[in-house]
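Undergrad: Here are the chains, one letter per residue:
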Amino acid sequence: MSFRPDIVIVGAGIVGAACGFELAREKFSVAVVDAAGIGMQTTAAGMGHLLVLDDSEEQFALTRYSLSLWNALAKHLPPAVEYSRCGTLWVAGDEDEMAEVVRKHTYYGERGIQTEILDAHALREAEPALRRPLAGGLRVPGDAVLYPPCAAAYLLQRAAELGAKIFLGKAVNSIRNGITRLADGTVFHSKFIINAAGQFAPKLTPGIHIRPRKGHLVITDRYPGTITHQLMELGYLKSAHSISADSVAFNLQPRKTGQLLIGSARQYEVADGNVDFAILSRMLKRAMEYVPSLGSLSAIRVWTGFRPATPDQLPFIGPWPDDPSIFLAAGHEGLGITTSLATGRLAVDFLLRRASAIPVEPYLPSRQIEGVTHA
Amino acid sequence: MNAESKRSFDVAVIGGGPAGMGAATVAAECGLSVVLLDDNPGLGGQIWRGESGSSKHTQASHWFDRVGRSSVEWILEARVFQVGKGHLSAESPDTVHQIAYSHLILATGARERFLPFPGWTLPNVLGAGALHSLIKSGLPVEGKRIVIAGTGPLLLAVAAYAREKGAQVACIAEQTTGAKFACFGLSVLLVPEELEEVWQLAWQLQAVPHWKNCWPVAALGKERLEAVRLSHHGRIREIASDYLACGFHLVPSLELAQFIGCAIQDGYVAVDENQQTCIPGVYCAGEPTGIGGFELALVEGQIAGFAAANRKDLARKLWRRRDAGLRHVRALRRAFELRDELRNMPQEDTLVCRCEDVPFGLLRAHQSWQSAKLHSRCGMGPCQGRVCGAAAEFLFGWSNSSVRPPLFPVRCSSLAEMPVETIPEIHEGGSK
Chain A
1 MSFRPDIVIV GAGIVGAACG FELAREKFSV AVVDAAGIGM QTTAAGMGHL
51 LVLDDSEEQF ALTRYSLSLW NALAKHLPPA VEYSRCGTLW VAGDEDEMAE
101 VVRKHTYYGE RGIQTEILDA HALREAEPAL RRPLAGGLRV PGDAVLYPPC
151 AAAYLLQRAA ELGAKIFLGK AVNSIRNGIT RLADGTVFHS KFIINAAGQF
201 APKLTPGIHI RPRKGHLVIT DRYPGTITHQ LMELGYLKSA HSISADSVAF
251 NLQPRKTGQL LIGSARQYEV ADGNVDFAIL SRMLKRAMEY VPSLGSLSAI
301 RVWTGFRPAT PDQLPFIGPW PDDPSIFLAA GHEGLGITTS LATGRLAVDF
351 LLRRASAIPV EPYLPSRQIE GVTHA
Chain B
1 MNAESKRSFD VAVIGGGPAG MGAATVAAEC GLSVVLLDDN PGLGGQIWRG
51 ESGSSKHTQA SHWFDRVGRS SVEWILEARV FQVGKGHLSA ESPDTVHQIA
101 YSHLILATGA RERFLPFPGW TLPNVLGAGA LHSLIKSGLP VEGKRIVIAG
151 TGPLLLAVAA YAREKGAQVA CIAEQTTGAK FACFGLSVLL VPEELEEVWQ
201 LAWQLQAVPH WKNCWPVAAL GKERLEAVRL SHHGRIREIA SDYLACGFHL
251 VPSLELAQFI GCAIQDGYVA VDENQQTCIP GVYCAGEPTG IGGFELALVE
301 GQIAGFAAAN RKDLARKLWR RRDAGLRHVR ALRRAFELRD ELRNMPQEDT
351 LVCRCEDVPF GLLRAHQSWQ SAKLHSRCGM GPCQGRVCGA AAEFLFGWSN
401 SSVRPPLFPV RCSSLAEMPV ETIPEIHEGG SK
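Chains as they are written, first to last, in the numbering used here: chain A, 1 to 375; chain B, 1 to 432.
Simulated from the structure, these hints should not be mistaken for laboratory data.
Using N, Cα and C, we set each Cβ at its ideal position, and we do this for glycine too.
Possibly wrong hints are sitting among the right ones.
Stretches of chain B that chain A covers, calculated by requiring three or more beta carbons in the stretch to come under 8 Å of a beta carbon on chain A [said to hold, decoys possible]:
id, segment
1, 364-373
2, 409-415
SDA-like mimics (lysine to any residue), calculated; alpha carbons at most 25 Å apart, straight line [to be verified]:
id, chain 1, residue 1, chain 2, residue 2
3, A, K285, B, P93
4, A, K256, B, K6
5, A, K256, B, R404
6, A, K256, B, E238
7, A, K285, B, S5
8, A, K256, B, K85
9, A, K256, B, R327
10, B, K144, B, E238
11, A, K285, B, V403
12, A, K170, B, S401
13, B, K85, A, D276
14, A, K165, A, P133
15, B, K6, A, R282
16, A, K170, B, S399
Using the sequences provided together with the hints, build the complete structure.
TA: In C-alpha cells:
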C-alpha cells in the first residue's frame with residue numbers, strides 16, 4: 001500500500017476516534033485501524049457519561065478539561081449521538097454522605113465548577129422517584145450523557161472529511177519502530193503510532209499495566225420522565241476505590257430514548273464476558289433500594305464489558321519510553337468517554353511540541369517505570 | 001411484588017404448540033413429572049391457537065384431550081427468560097417460576113419473516129399468519145378485499161380460510177417461479193397424507209388468481225392500506241385492497257437454543273435421531289429443527305418425549321414418519337427459496353426496524369449485524385430483534401448468533417431475584 005500516513009492510530013474506540021479527530025483538524029495525515037468496527041468494545045459497553053470526577057486532583061483536571069471540550073462540541077453533535085446535558089445528581093443517604101456533598105461542593109467550586117446543594121426536600125422535588133427518606137444531594141448541572149458508539153462514529157466521520165483514512169475489520173499484529181503490521185499483510189510506515197487499543201493495548205505494547213475491569217449494565221424499555229438527572233450514590237466513591245474486591249454502586253441514567261440505563265458493577269480478574277447473576281442481582285437490588293419503582297420496569301437487555309484499568313486510575317497519555325515512535329492513549333477505565341477529547345488534545349500538543357492546557361506529567365506512561373503507579 | 005414459586009420436574013418442555021404438547025404428553029404417559037411452559041394464554045401454539053374444546057381439527061382435539069388427561073402441569077403466560085444447567089426461570093404476570101429439571105425439551109416454534117417494502121408499516125398490512133389468527137379471534141373480513149403475498153403453502157391455507165370467512169381474496173402473489181411451484185406440487189402427490197388437504201385447498205381456491213413470479217413492490221394508502229402494487233412477471237400491477245397479508249417463510253425461534261449453547265447447523269438446531277441436541281439431556285423438536293408443519297412437529301415432539309423418558313424403543317418406531325416429513329421439508333425449501341429480487345423491495349427510507357425506526361439506507365453502511373445494531377439501534381428495542389433480525393439476515397446476509405439475557409423483556413425485580421447458582425455457559429463472539 002502506497003499510503004504513508006504521518007500517524008497511525010490503532011483502535012477506533014472513543015479514544016482513537018478523538019485522537020483521529022484532533023489530529024486531522026491539525027492537518028496531520030492519519031490512518032485509523034480497528035480489528036472490528038467503530039466503538040465496538042468498551043465504547044459500546046459503557047454508560048456514556050460526561051462528568052467531572054474528583055477521585056484525585058489529576059483526575060479532576062483531566063475530566064474538567066475534557067468536559068469543556070465536549071461542551072464546545074455539543075452543538076455540532078448529530079441527534080444520533082443523543083447528547084443530553086441532564087446533569088449529575090449525587091445522592092446522599094445519610095448525614096455522613098451529606099458532609100461529602102458539602103466537601104464536594106466546595107472542592108468543585110474552588111476549581112470553577114458550579115454545583116448546587118439540595119436538601120431532602122429539594123432532592124424530592126428534583127427526582128420524585130427516589131426513595132424516602134434521603135438526606136439530600138449535589139447537583140452538577142454541567143454533566144451530560146451521550147450514546148458512545150455514535151459519538152465515536154461522528155468524530156471519525158469528521159476526521160474522514162478532513163482526509164483521515166479509516167480501516168475497519170483490520171486486525172493489527174504488531175506496532176514497533178514506526179511500523180504497523182496488519183494481519184492481512186498491509187504495512188504502514190509512519191512517524192508515530194498511537195496505541196489506543198484500550199484493554200488490548202498491552203498486547204501491542206507489552207509491559208503496560210492495564211487490566212480489564214469487568215462491568216455489567218441493564219437497559220430498560222422506554223419510560224420517559226421517570227428520572228431527569230443521571231443519579232449516582234455517594235457510596236460510589238468508596239466502593240470504586242477498592243482495588244481488588246467486586247463492588248456495585250447505584251448509577252442510573254435517563255437516556256434520550258426514554259430508556260433507563262442501570263449500573264454499575266466492578267470486578268477484577270474475571271476474563272470471561274458471561275453475565276454473572278450474583279453481581280447482577282446485587283447491582284439491581286442496590287438500584288431498587290434507591291428507586292423502588294425500578295422493580296416493575298421491564299429490562300430488555302443485560303450485557304457486560306471490560307474497562308481498561310490502570311493501577312493509579314489515571315490513563316496513560318504520552319510517549320512510551322521503550323519506543324519513541326509509540327504514543328500511548330489507553331487505560332481510561334470507566335472515564336474514556338469523558339476524557340477522550342482531552343486525550344486527543346494532549347496527543348496533538350505532544351506532536352506539535354506545544355504546551356498543553358493542563359499539566360501532562362500525571363498521565364505520562366513513564367510514571368509506570370518510575371514506580372509511581374504501583375498501588 | 002412478585003410471588004415466587006420453586007418446583008422440580010423430571011422434564012421441562014418449553015413451548016406448548018404441537019411439538020411441545022406431543023413431547024410433554026408422551027413423557028408424562030411414561031410416568032415422568034412434566035411441566036409445560038408457554039407464553040400464550042392457551043396451549044396449541046400458533047397453529048392450534050384457540051382450538052381447545054373445538055372438535056373441528058381432529059389432530060388438535062386429540063392432543064388437547066390427551067394432554068388434558070395426562071399428568072402434565074402447564075404454566076401459561078409464562079416467558080422463560082433464563083435457562084441454566086438443570087434450572088430455568090420464567091415470568092408470568094404476577095409470579096416468577098424457578099424450575100429445576102433433569103431433561104429439557106425445546107419446542108419454541110417459529111415466527112413469520114416479514115420483509116420490508118415501502119408502506120409495509122401501514123395499518124392493515126399484516127403477517128399472513130397474523131391475519132389468520134386475527135380472523136380466528138373474530139376479525140370480520142366478510143366482503144373485504146385481501147391480497148396475500150409472499151411464498152409457500154401457508155399463503156394457500158390463509159387464503160382458503162379467509163374465503164371461508166367471506167373475504168374476497170383478490171390474488172395470491174407467490175414469489176417463486178411456476179416451474180418450482182409445479183415441482184413442489186408433484187412432490188406433494190407422493191405424500192398421501194397431504195394429498196387430501198391439497199385437493200381441498202385447490203378446490204376452495206379455484207376462483208382465486210394465483211400469480212407466480214409475483215411480489216409486493218409497495219403498499220399504498222394514506223391512513224391505512226388502500227391498494228397493493230405488485231411486480232408480476234416484471235410488470236407492475238395495482239390491486240385495490242383492504243388487507244395485505246405477507247408471509248416470507250417461517251423462521252425458527254432459535255434464541256433459547258443458542259443461548260444455552262446448542263449447535264446450530266444451516267440455520268436450524270442440530271439434533272440426533274432421538275431429537276437430542278449436542279447438550280446431553282436437552283432435546284429440540286418442531287420448527288427449530290426444520291420448518292415442517294405441525295404433523296412433523298408432533299412426531300418429533302413424541303420422539304423427544306420418549307427419549308427423555310428413556311423409551312428409545314418407542315421413539316424408534318416414529319423415526320420413519322419423521323424422516324418422511326424431513327424429505328418434505330427439503331422439497332419445501334427448494335421450491336420456495338426466496339429470490340434475490342426481494343432484496344430490492346425496500347427503498348432507502350423504508351423502515352426495517354419498527355421498534356427503533358431504523359430505515360434500510362442507514363443499515364446498508366454497516367458490515368455486520370453487530371455494527372448495525374450498535375450504531376443504528378436496529379434490533380435494540382423491546383422485540384429484541386425478533387422481527388428485523390430475520391429481515392436483516394435475508395437482506396444483508398448478517399447472522400445474529402449472540403443472544404443476551406434476558407431471553408425476553410422481564411421485570412427488573414424478577415431479574416434481581418434470579419438464583420445465583422444459575423450461571424449459563426454463554427459464548428459470545430462479539431464485544432458487548
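Undergrad: Next, verify each hint and record whether it holds.
TA: Structure-based check of all given hints:
1. Counting residues of the segment 364-373 of chain B whose beta carbon lies closer than 8 Å to any beta carbon of chain A gives 5, which meets the minimum of three for the stated coverage.
2. Taking a C-beta to C-beta cut-off of 8 Å, the segment 409-415 of chain B contributes 6 residues in contact with chain A, enough for the three needed, and the coverage statement holds.
3. Restraint check: the Cα-Cα separation between K285 of chain A and P93 of chain B comes to about 20 Å, which is no more than 25 Å; the hinted pair holds.
4. As the CA atoms of K256 of chain A and K6 of chain B are separated by approximately 39 Å, the hinted pair breaks the 25 Å bound.
5. With a C-alpha separation of about 23 Å, the suggested pairing of K256 of chain A with R404 of chain B holds against the 25 Å cut-off.
6. With a CA separation close to 41 Å, the supplied pair K256 of chain A and E238 of chain B exceeds the 25 Å bound.
7. The suggested pairing of K285 of chain A with S5 of chain B holds, with an alpha-carbon distance near 20 Å, which does not exceed 25 Å.
8. The straight-line distance between the Cα atoms of K256 of chain A and K85 of chain B is roughly 38 Å, outside the 25 Å bound, and the hint therefore fails.
9. Restraint check for K256 of chain A and R327 of chain B: not satisfied, since their Cα atoms lie roughly 51 Å apart, outside the 25 Å limit.
10. Our distance criterion of 25 Å between C-alpha atoms is met by K144 of chain B and E238 of chain B, whose separation comes to about 17 Å.
11. With a CA separation close to 24 Å, the supplied pair K285 of chain A and V403 of chain B stays within the 25 Å bound.
12. Between K170 of chain A and S401 of chain B the CA atoms are separated by roughly 21 Å; this keeps the pair inside 25 Å, and the hint holds.
13. A threshold of 25 Å between alpha carbons decides the hint, and for K85 of chain B with D276 of chain A the separation of about 14 Å falls inside it, so the pair holds.
14. Between the alpha carbons of K165 of chain A and P133 of chain A the distance comes to roughly 55 Å, so the proposed pair goes past 25 Å and is violated.
15. Restraint check for K6 of chain B and R282 of chain A: the C-alpha separation of about 21 Å stays at or below 25 Å, so the hint holds.
16. Straight-line distance between C-alpha atoms of K170 of chain A and S399 of chain B comes to about 20 Å, which keeps the hinted pair within the 25 Å bound.
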